[in-house]
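Protein sequences, first through last, are from chains A and B.
Residue 10 is where the first sequence starts when you use the numbering used here, and the numbers rise one by one after that.
Residue 10 is where the second sequence starts when you use the numbering used here, and the numbers rise one by one after that.
Check the hints yourself; a few may be wrong.
Under the rule of at most 27 Å between Cα atoms (straight-line distance), these lysine-lysine pairs were calculated in the DSSO-like manner [to be verified]:
1) K43(B) <-> K89(A)
2) K111(B) <-> K151(A)
3) K86(A) <-> K43(B)
4) K111(A) <-> K43(B)
5) K93(B) <-> K111(A)
6) K183(B) <-> K43(A)
7) K86(B) <-> K111(A)
8) K151(A) <-> K93(A)
9) K161(A) <-> K147(A)
10) K161(A) <-> K111(B)
11) K181(B) <-> K93(B)
12) K181(A) <-> K111(B)
13) K183(B) <-> K93(B)
14) K86(B) <-> K43(A)
15) K43(A) <-> K89(B)
16) K181(A) <-> K43(B)
17) K183(B) <-> K89(B)
18) K147(B) <-> K43(B)
19) K183(A) <-> K43(B)
20) K131(A) <-> K89(A)
21) K127(B) <-> K35(B)
22) K181(A) <-> K86(A)
23) K181(B) <-> K43(A)
24) K89(A) <-> K181(A)
25) K127(B) <-> K43(B)
26) K127(A) <-> K183(A)
27) K86(A) <-> K161(A)
28) K86(A) <-> K127(A)
Hints listed in this document are in silico derivations from the structure and should not be mistaken for laboratory results.
2 protein chains.
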Amino acid sequence: MIFRALLFVAVSIAMLAQTGSVAYSKEGIMILPKDYREWTFLSAGLNMVYGENGGSAANPRFENVFVNPAAYRQFVKSGKWPDKTTLILEIRASDSRVSINKDGRVQTNVVAIEAHVKDAAKGGWAFYGFDASGQNGKSFPKSADCYSCHEKNGSVDTTFVQFYPTLREVAKAKGTYRDSE
Amino acid sequence: MIFRALLFVAVSIAMLAQTGSVAYSKEGIMILPKDYREWTFLSAGLNMVYGENGGSAANPRFENVFVNPAAYRQFVKSGKWPDKTTLILEIRASDSRVSINKDGRVQTNVVAIEAHVKDAAKGGWAFYGFDASGQNGKSFPKSADCYSCHEKNGSVDTTFVQFYPTLREVAKAKGTYRDSE
Chain A
10 MIFRALLFVA VSIAMLAQTG SVAYSKEGIM ILPKDYREWT FLSAGLNMVY GENGGSAANP
70 RFENVFVNPA AYRQFVKSGK WPDKTTLILE IRASDSRVSI NKDGRVQTNV VAIEAHVKDA
130 AKGGWAFYGF DASGQNGKSF PKSADCYSCH EKNGSVDTTF VQFYPTLREV AKAKGTYRDS
190 E
Chain B
10 MIFRALLFVA VSIAMLAQTG SVAYSKEGIM ILPKDYREWT FLSAGLNMVY GENGGSAANP
70 RFENVFVNPA AYRQFVKSGK WPDKTTLILE IRASDSRVSI NKDGRVQTNV VAIEAHVKDA
130 AKGGWAFYGF DASGQNGKSF PKSADCYSCH EKNGSVDTTF VQFYPTLREV AKAKGTYRDS
190 E
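Let the sequences and hints guide you as you build the complete structure.
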């Protein structure tokens with residue numbers, strides 16, 4: 010009986026760890042998952058510019074993208090994002106001549122955090138913007154540019170899998186990849 | 010009895026997943042962990058140059074660093090790397106005008122993979138170099154520059170924690186951080 014109870018606890022913990030269920034406050038503010046830095050890393054870009062007149066910044070920023078591990082494993086199997094998929098975009102400042110590094114860029118402090126969440130209970134994908142401390146996860150209004158741009162250019166289900174080198178190959182093999190341009 | 014057996018299996022799987030034990034062939038070739046892309050991401054740099062005359066490359070490379078999750082959690086608790094810590098350096102080529110990205114760099118194919126492994130059974134830390142497909146993990150000879158440079162400049166236990174923004178703060182708080190320059 011003790012083993013049965015222990016097994017139940019072990020399986021419950023394992024399931025909790027796997028679901029990565031997204032949480033919101035009563036006011037609809039998204040709660041940033043505390044352990045997102047232990048989620049699966051998808052890729053990092055430096056100084057990515059989407060507008061025609063972007064140009065290089067003097068202090069370019071890194072963008073790290075993480076996804077909850079359960080969604081990652083589902084994507085690897087099917088090329089599709091399951092419900093409750095949570096992508097975290099962590100934007101960090103950069104620096105150059107740090108320690109022995111003589112050129113190029115290394116990552117420094119967090120500047121902002123955004124989330125892209127697939128949640129059927131909220132009507133599908135939604136974007137949330139946090140401050141640098143990971144607080145105040147306010148949803149972007151549906152009229153925000155991020156929705157139309159992801160809709161038009163995201164290669165898989167409004168997400169930019171074209172920038173995630175490992176998942177890009179998976180999606181192509183599974184037939185879920187759409188060439189955006 | 011069946012539950013006892015199931016529990017044993019569950020715990021064994023959990024322990025295997027946590028230890029991240031490093032494996033070698035009979036000839037001492039390190040076997041690249043198949044799931045290192047699901048390990049904990051530490052940071053990414055672009056075009057990092059260590060020599061005085063490095064200069065920028067025309068096609069700069071990203072360096073992603075991953076560590077086995079059990080070692081990460083130990084480090085967060087203590088500021089120290091446990092035995093069997095395995096750091097994976099994944100070097101990727103980069104590209105610019107991909108999809109909607111008009112400037113800056115995104116990550117593309119793997120160019121090479123290196124590992125830095127703390128293994129008391131092998132006399133301490135050792136470096137291994139793999140080809141782009143993750144094969145042939147040959148150890149670098151102890152006379153290689155990487156050993157003396159990490160020894161001299163690594164801020165924690167011969168590792169470049171100064172480049173890992175989350176662990177840098179942990180090590181400073183735990184008193185294990187050494188300013189290298």
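Checking against the hints above, which ones are violated? Numbers 4, 5 and 7, in rising order.
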